[in-house]
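Got chain A; can you put chain B on it based on the hints?
Heads up: the sequence lines are chains A and B, in that order. Just so you know, the first sequence maps onto residues 37 to 380 in my numbering. Just so you know, the second sequence maps onto residues 37 to 380 in my numbering.
To be clear, the hints were calculated from the coordinates, so they are not data collected in a lab. Just so we're clear, the structure is a prediction, and the values are computed from it rather than from any experiment. Accuracy of the hints is not assured; some may be wrong.
As the list makes no split between identical chains, a pair holds if one copy fits it or if it spans any two.
Taking lysine-lysine pairs in the DSS-like style, the calculated list, with each CA pair at most 30 Å apart, reads [what the hints assert, rightly or not]:
(1) 117 to 223
(2) 253 to 339
(3) 286 to 207
(4) 207 to 285
Protein chains: 2
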Amino acid sequence: MCPMKVAVDAMGGDHGPGVVVEGAVNAAREHGIEVILVGQADVLSALLNQYNAGLLPISIKHASQVVGMDESPSDSLRRKKDSTIKVAFELLASGQADAVVSAGNSGATLATAMVTLGRIHGVRPAIATLIPTLKEPAIMIDVGANVDCKPIHLLQFGLMGAVFAQVRLQKTAPRVGLLSIGEEDSKGNQQVKKAYDLLVASPLNFVGNVEGREVFKGDVDVIVCDGFVGNICLKLSEGLAESMIEMMKKEMAVSLAAKTGYLLAKTALHRFKKRVDYAEYGGAPLLGVSGVVIICHGRSGAKAMKNAICVASEMAQADIISRLKVALEEQQDGVGGALCSPGL
Amino acid sequence: MCPMKVAVDAMGGDHGPGVVVEGAVNAAREHGIEVILVGQADVLSALLNQYNAGLLPISIKHASQVVGMDESPSDSLRRKKDSTIKVAFELLASGQADAVVSAGNSGATLATAMVTLGRIHGVRPAIATLIPTLKEPAIMIDVGANVDCKPIHLLQFGLMGAVFAQVRLQKTAPRVGLLSIGEEDSKGNQQVKKAYDLLVASPLNFVGNVEGREVFKGDVDVIVCDGFVGNICLKLSEGLAESMIEMMKKEMAVSLAAKTGYLLAKTALHRFKKRVDYAEYGGAPLLGVSGVVIICHGRSGAKAMKNAICVASEMAQADIISRLKVALEEQQDGVGGALCSPGL
Chain A
37 MCPMKVAVDA MGGDHGPGVV VEGAVNAARE HGIEVILVGQ ADVLSALLNQ
87 YNAGLLPISI KHASQVVGMD ESPSDSLRRK KDSTIKVAFE LLASGQADAV
137 VSAGNSGATL ATAMVTLGRI HGVRPAIATL IPTLKEPAIM IDVGANVDCK
187 PIHLLQFGLM GAVFAQVRLQ KTAPRVGLLS IGEEDSKGNQ QVKKAYDLLV
237 ASPLNFVGNV EGREVFKGDV DVIVCDGFVG NICLKLSEGL AESMIEMMKK
287 EMAVSLAAKT GYLLAKTALH RFKKRVDYAE YGGAPLLGVS GVVIICHGRS
337 GAKAMKNAIC VASEMAQADI ISRLKVALEE QQDGVGGALC SPGL
Chain B
37 MCPMKVAVDA MGGDHGPGVV VEGAVNAARE HGIEVILVGQ ADVLSALLNQ
87 YNAGLLPISI KHASQVVGMD ESPSDSLRRK KDSTIKVAFE LLASGQADAV
137 VSAGNSGATL ATAMVTLGRI HGVRPAIATL IPTLKEPAIM IDVGANVDCK
187 PIHLLQFGLM GAVFAQVRLQ KTAPRVGLLS IGEEDSKGNQ QVKKAYDLLV
237 ASPLNFVGNV EGREVFKGDV DVIVCDGFVG NICLKLSEGL AESMIEMMKK
287 EMAVSLAAKT GYLLAKTALH RFKKRVDYAE YGGAPLLGVS GVVIICHGRS
337 GAKAMKNAIC VASEMAQADI ISRLKVALEE QQDGVGGALC SPGL
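If we strip away everything but chain A, and leave its shape as in the complex, we get (with noise of 0.2 Å):
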């Protein structure tokens, strides 16, 4: 196997340089993937010297802008012309990179992706991102990148997703689920009831439609729903989670035995939270586009950036591109003009 190259911008994020360059180091000791830091190149090569990296298959690429997490991606397109995010997509634009990792303004990672790698053929793209279950972790597809979408869109999520599924959780069949209200079909909102007799027939496995409370017991690989319910939900369990450790931690304050119960399970508590901590599942892929991204979390740590590097370079050595376009291309195929038709 050919080791991938990862580009990675290594200004974006919450923490800014240091982690990024951090779980580049581990990436490339623990697992020999080559990565290319983008970024403003005395800062990273000082990085790079603490970490003692200079045998490792890391290189530097000089960009000497960066774009702020709270900057409009449209003004930084237009105006940063060298900064990371734009300079790490044209190395994987002209075939120097295989993929590109970033935790900076994600807004400004799907736009500049977008115009600098171009779409795959009639295809909205869509951010995935694995979630925490009883069982093992699923894929909930689109989580942003989407605000409105038509009945067609979701059916591409599920495509998209049910590869990325193939490649990241190795199903070979992954149990494709529809977000909604109810699990018979005749529940949803008009946008979704058409989702669901689209995506009925697909070659899918179509497990049919998901209720809020399944989508955690696991049962199901890929869930599909629009960019706004998608993104409202991740944020939604995320702000649960962090609430039910606060409000855990005040219940056992109350009394003595609680409290030494606490500090008995705290280990187990940690653990628990690190499970339902979004930033341990190596980033959201952002699929639809030709390019393999990977789109971290901002307040993403040495661990999280390491483990997105490492999806990443998967992501490239399956090939998931390819295996996108024909899945797509086939459906294309499969369902005549209903890519154009009025209504999907």
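Relative to chain A, chain B alone:
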């Protein structure tokens, strides 16, 4: 204060009439609320005897039919003219009761309420529910009555939610937020962006968009969303809370220290579980119909039923229907023809 009469669908819910009667008895005994139990007279009077309820202000109204939990709402409306749900609403419509509480088939309860009571002029009725937060409980509206909403409906939900917050949470100027995917007014789908403008122009104390992760922080009193999104959020939260408790138990089973910790902290965990259990919150009112209606979770126990009966009485006592009418009509006057404008 004149005591309120609450008609209770005594045969509804997953646990049968026992828990309903127990809840009614406690509401009458502890709070002096008059309850009319609607259901099979012989069954109910035997249960009342069991609870020594002879001197309590509880009466029985016979109804011979029960709507099954999975029955189609439209079928039940057409076929079961003497169902407990139907008879309960007739008591309310004819002024023999001041409110209705049901833990039965919620679709049938909703449909029967619409038909029997009618809507407040020009309004889309919505279901509001209390959700736990790190501070005080907040209200989420709509959590399932409307799956395809226009922006104007979200404004109506905000107005109704605010009136409910005044009555239920004793907030003079409840903070109303709009569930979206970012705090900036530019964030959201088409529906939410238009609703944002309507809410800004309304007399509400509108605090702007609320992201999923802010929902449980408790800085907003009323969270407005369409019924599709709200229902998914509600069930997702329920599912996540349950799954987290499951996961935590598993993590704690790993080591002896953690196991001991779990045992010591069990009461705290139990209290915590109750705090995130929606059944504890006294049901969810259906706002926008011409009468006080509380829809309870099918799995409501006696305490949840008692709480719901108390909330129903409190809402009737506060004459919430008149207050809702005033708030909604003022708004209709205020925005002129906005309620009928295309696209709203």
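Hints, one by one, checked against the model:
When the C-alpha separation of residue 117 and residue 223 is checked against a cutoff of 30 Å, the pair qualifies only between copies, where the shortest distance is 25 Å, while the shortest distance within a copy is 47 Å. In this assembly of identical chains, the alpha carbons of residue 253 and residue 339 lie at most 30 Å apart whether taken from the same copy (26 Å) or from different copies (28 Å). Taking the shortest Cα distances, residue 286 and residue 207 sit within 30 Å of each other only across copies (25 Å), while inside one copy they are farther apart (40 Å). With identical chains, the CA atoms of residue 207 and residue 285 are at most 30 Å apart between copies only, with a shortest distance of 28 Å across copies and 38 Å within one.
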